[in-house]
Amino acid sequence: MWSLENISHTVDSWLYNRFDPTIAMLIEFAIIAVAVIGLFAMLGLVLIMMERKVSAWMQVRLGPNRVGPGGMFQTVADTLKLIVKEGMTPNNVDRFLFNLAPFIVMIVSMVVLAPLMFAKGFQIWDINIGVLFIIAVSSVSVIGILMAGWASNNKYSLIGAMRSGAQIVSYELSAGLSVLCIVVLAGSLRISDIINSQADGWWIFKGHVPVIIAFITFIIAVTAETNRAPFDLAEAESELTAGFHTEYSGMKFALFFLSEYVNVFIVCALGATLFLGGWMPLHFGSLTGFNHAMDYIPSFIWFFGKTFFLIFIIMWFRWTFPRLRIDQLLNLEWKYLLPISMVNLLIVTIMAILKWHF
Amino acid sequence: MTNEELKKRISEILPGASFEEGGQWLNINMEAKDWRSFSNSLRDLPELNFDYLFCLTCVDWKTHLTMVYHLESTTYRHTIVVKSKLDRNAAEIETVSNIWRTAEFHEREVYELFGVNFLNHPDLRLLILPDGWEGKNPLRKDFEDPVNMIKL
Amino acid sequence: MAFLKNYIKDIFGAVRSSLKGMRLTGYYALHHRKEPLHENVPDNRDELNFPERFRGEVVMPHDENNEHACTGCTACELACPNATIKIITKFDISPEGKKKKALDTFVYHLELCTMCNLCIVACPTDAIKMAQTFEHSVFDRNKLTKVLNKPGSKIREGIE
Amino acid sequence: MSPMIIPEMGYKRKKELDCKVGYKIKNELYRETQIISDPSKSPDIEGDLVINIGPQHPATHGVLHLVITLNGETVKKVEPHLGYIHRSIEKMCESLSYRQFIYVTSRMDYLSAHMNNHGCSMCVEKGLQIEVPPRAQVIRVLMDELTRLASHQLWWGAMAMDVGALTPFFLAFREREMINDIMEETCGARLTMNYMVPGGVMTDIHPNFQRKVKEFIVHFKNKIDEYDELVTGNIIFQNRTKGVGYISREDAISYGMTGGSARGSGVSCDIRKLYPYEVYDKVQFNEIIEMGGDSFARYMVRMKEMRESISIIDQLIDNIPEGEFQAKTKAVLKLPKGEFYSRIETARGEFGVYIVSEGGTTPYRIKFRSPGFSNLSALDHMARGSKIGDMVAMMATLDLVIPDIDR
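Protein chains in written order, with my numbering: chain X, 1 to 358; chain B, 1 to 152; chain L, 1 to 160; chain Y, 1 to 407.
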């Protein structure tokens, strides 16, 4: 059967047979870099298109429908426009930090793609602390946002960046705690181990109510962590015009915009990996025929299907809810999400020790 | 209170007031210097209780300015119009923005459009006209704007 | 204990109200073609249907003999609040040799017009009416000053 | 990209405006307004953050300019700077005849254009002592209520947008479009109709009018429940609006607030009930009063008012009497010498027209008492001590239309 695993193995073994191991590794680095940049751009295009279509449908509109069939190439046209636009640097900004900030945000979201498992056996780096790596590196992006807000020398930007800082730092907690629930159940931080532990059923089905609670907490927390509505206080456009990227234009703005969407993809991919079984097909215990039929669907379709389902849910939030106020945002985290996920983690731990899950 | 009762009560408070009837509401003419105490008693006397100033404006009669205050009581629903003649060259009247808060903005508007100086106003600055506006007050009858005015 | 009860009640209330809103937007996402909120402008220019009272611009209808109904009475000019209409009159010599006031040029400044309909109401002979055009943009502002009576046109017989 | 392209300009800018955050504001530039009732809230100016909201800002829905003083996220002072769209309509009207000046007033509060025209027509009719035919009266009331619905729908969408939900805006516009189509068919325009003239209405209603309005009412009765489902019941929205922007009944009266903004504080100020004009004394409707005084109360007043408007239209749409739609008037209107004042309830509050006539064909002095101007003056009082986001929500509940404020 055709699969991504075979392709990567073939390429890998061909390179190692042909070249010196060091050179082979360097060539692999180059291939991966090109692939990641390509994926980055593709994800940006697809997700922005998806967002525009989903928002249009929820708002009883048609959405973009002029460029290409059904408006498919609208984001391509927009990207071209952003690339050829002048990248302005206003007077009195801290030029170095101002120009550095979008790259930090972008690099962070690129690096986090490394431990994700896109299909069966198709992974850039199967690091043994994969989940920890994602949680740790993704929180670096707040530095880029703070940098952008501070360097812009604009009061809107500064308020937006400060809000973003407070928000990301606090929501990391409950996101981390709900991720820990699955780590406790699976007994490993390695992404491939977590996926393999779901071979007989996804954690959201196996783990009873506590895992469902952890899943909901996770979705809420990552929505806040990626600065999306209803938690988009960092760029709250009716209050702060555009928040931390008020002064950015052209490609630098596009980098912020792209990395926002790639961050959404990453957190949804993490959610799909942890709670919905990654690339694992949907299996029910005794229905052998059904299970075999599910196995015929390629694993990367399972992975991307689950991820895009979660992305759709996050978009659904965005186009339904009003925005929270800053103190309510922090109240929600510290008074509701954090205690709940702590108690939840305790219950899950007891459950894991007593082997109460399926 | 009916107009007759209002007339009787107000002439007790302000003997110098003269009355005009026949319009929609009872009109009271008074001197600008009496306005401070008179406005206070209009607001505070329980049987009058004019707590709602719904219109404050000025009319330029070419010889003098007239301040016009439309007052209503939200308890008794009686309405009066208070008018005061002002000198056109040195227009001055006591502010009522401490009695009816809405007057603060309305007085600022009248200040810049008619040039009436409101004494003791907390923040008498230009509201609508651009900062640094010099020259005549736009709503006076002798105002001419050679640039922007279109003669029909 | 009451605190915990309220706490849990709060959470469930919040989730329920959120799901209610999401149900509505979800319904619209699935039924987005049912009640579309769009016009395919400018593709549907041919199908665009304006009601006959729509005020686009003032026009003066001429019949097939190139005749209009304007007597040059300047009622519309007087009614106009913005000096949009300027009527220049001339004196026609009728066959009987009598001098008669008639319209020479009907100047209409579209750039000043606010489509208030007062001139149409004021016109005693229904010589002018509102047209349903709406795309008035031109490159030169002077092009918005129009002469409404066609060259060589004259007043229809029997209109005083 | 080089910082040395225009070195002179760079230095000048830096000297002139020190853009560093947290700088000290000179007291003479931003002079303090005294707040009379609550001295404890008075801000200290040293070391605060001053932000301009507007004149171009997504939340002000126009060219309103608010200079707000912040302490962190907390608003210490709001100072409106007006005049960006001031056209001096009062001065313009002094040179227009009594028929002509009415069209200008629909440019003030463009969302309740019919009511503005109505108020002016009523004032002229009061001076001329014209009796409006019953058919025209009913048509006027119907148009007023349709405009009120359209205005409240737009307000609802914009309000939801200000608190961060974008979808309601489109849903509101979907229904508003139907009203606009009805208006377009009967009055000839969608926004600035100039349909009310002294003595009645300009043209008779379109033959389709009654059918279309009935269709709209049936459609809208379902949709308004969706509005409640999507926004009113939402927990985030309720938290954002409940208990913020409080203004007491006494303060609301003192600030001259009217319309839904004042009725949210328990002030009975509906001109339609207090001083009924046209056929408002013959229809059954309630004056909506909420006692909360906060943003949510003001929101609820307008939501309930929409339902009242529907019931008024429901009562009148089948009972339009036959007859003239316009009273006979002279070609040239001349008001007798004197002063005339008419009050009308627009979608935003009490709209007053004060005409001083010298007996000529043009008004000697005309004053429009616009509801938005007084409502805006209360914003400073309401917003002190709240967060930026709440200030935006408060501004939305006041339902400000900037040309109405600036006139």
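You may find that some hints are simply not true.
[Claimed, not checked] Distance windows between CB atoms, simulated: (1) Y/D228 - L/H31: 39 to 47 Å; (2) L/F91 - B/F143: 36 to 44 Å; (3) Y/G360 - L/P95: 39 to 47 Å; (4) X/F284 - Y/R307: 25 to 33 Å; (5) L/L30 - X/N196: 29 to 37 Å; (6) B/I13 - Y/G359: 51 to 59 Å; (7) B/K141 - L/T125: 56 to 64 Å; (8) L/R33 - X/N17: 53 to 61 Å; (9) Y/D228 - B/K141: 47 to 55 Å.
[To be verified] Using 30 Å as the maximum straight-line C-alpha spacing, the simulated DSS-like pairs for lysine-lysine come out as follows: (10) Y/K242 - L/K20; (11) Y/K337 - B/K83; (12) Y/K337 - B/K62; (13) L/K154 - L/K86; (14) L/K101 - L/K34; (15) L/K34 - Y/K91; (16) L/K86 - Y/K91; (17) B/K8 - B/K83; (18) B/K83 - Y/K273; (19) L/K9 - Y/K242; (20) B/K62 - Y/K91; (21) L/K86 - B/K141; (22) X/K335 - Y/K212; (23) L/K101 - L/K90; (24) Y/K223 - Y/K242; (25) Y/K242 - Y/K328; (26) Y/K223 - B/K7; (27) Y/K91 - Y/K328; (28) B/K7 - Y/K328; (29) B/K85 - Y/K91; (30) L/K90 - L/K129; (31) Y/K328 - Y/K126; (32) B/K141 - Y/K337; (33) Y/K221 - Y/K304; (34) L/K20 - Y/K337; (35) Y/K334 - B/K83; (36) L/K129 - Y/K223.
Hints were generated in silico from the structure; no laboratory data involved.
These figures come from a predicted structure and were not determined experimentally.
Beta carbons are placed, not taken as given, at the ideal position from N, Cα and C, and that holds for glycine.
We went through each hint and held it up to the structure:
1. Y/D228 - L/H31: 39 to 47 Å: With Cβ atoms ~20 Å apart, the hint is violated.
2. L/F91 - B/F143: 36 to 44 Å: holds, 41 Å
3. Y/G360 - L/P95: 39 to 47 Å: Given a distance of about 44 Å, which is inside 39 to 47 Å, the answer is holds.
4. X/F284 - Y/R307: 25 to 33 Å: violated, 50 Å
5. L/L30 - X/N196: 29 to 37 Å: Once the Cβ atoms are compared, 36 Å apart, the range 29 to 37 Å for X/N196 and L/L30 holds.
6. B/I13 - Y/G359: 51 to 59 Å: For Y/G359 against B/I13, whose Cβ atoms are near 34 Å apart, the range 51 to 59 Å is violated.
7. B/K141 - L/T125: 56 to 64 Å: For L/T125 against B/K141, whose Cβ atoms are near 39 Å apart, the range 56 to 64 Å is violated.
8. L/R33 - X/N17: 53 to 61 Å: For L/R33 and X/N17 the Cβ distance comes to about 55 Å; the hint holds.
9. Y/D228 - B/K141: 47 to 55 Å: Once the Cβ atoms are compared, 52 Å apart, the range 47 to 55 Å for B/K141 and Y/D228 holds.
10. Y/K242 - L/K20: holds, 20 Å
11. Y/K337 - B/K83: holds, 17 Å
12. Y/K337 - B/K62: holds, 16 Å
13. L/K154 - L/K86: holds, 18 Å
14. L/K101 - L/K34: Measuring from Cα to Cα gives roughly 60 Å; hence the hint is violated.
15. L/K34 - Y/K91: violated, 50 Å
16. L/K86 - Y/K91: holds, 24 Å
17. B/K8 - B/K83: Answer holds: B/K8 to B/K83 is near 18 Å, not above 30 Å.
18. B/K83 - Y/K273: holds, 28 Å
19. L/K9 - Y/K242: Roughly 18 Å between the alpha carbons, so the hint for L/K9 and Y/K242 holds.
20. B/K62 - Y/K91: Holds, at about 15 Å.
21. L/K86 - B/K141: holds, 28 Å
22. X/K335 - Y/K212: violated, 51 Å
23. L/K101 - L/K90: At roughly 6 Å apart (the allowed maximum being 30 Å), L/K90 and L/K101 satisfy the hint.
24. Y/K223 - Y/K242: At roughly 24 Å apart (the allowed maximum being 30 Å), Y/K242 and Y/K223 satisfy the hint.
25. Y/K242 - Y/K328: At roughly 52 Å apart (the allowed maximum being 30 Å), Y/K328 and Y/K242 break the hint.
26. Y/K223 - B/K7: violated, 53 Å
27. Y/K91 - Y/K328: holds, 29 Å
28. B/K7 - Y/K328: violated, 38 Å
29. B/K85 - Y/K91: holds, 21 Å
30. L/K90 - L/K129: holds, 23 Å
31. Y/K328 - Y/K126: holds, 15 Å
32. B/K141 - Y/K337: Measuring from Cα to Cα gives roughly 18 Å; hence the hint holds.
33. Y/K221 - Y/K304: Cα-Cα ~12 Å, so holds.
34. L/K20 - Y/K337: violated, 61 Å
35. Y/K334 - B/K83: It holds: about 25 Å lies between the C-alpha atoms, which stays within 30 Å.
36. L/K129 - Y/K223: violated, 38 Å
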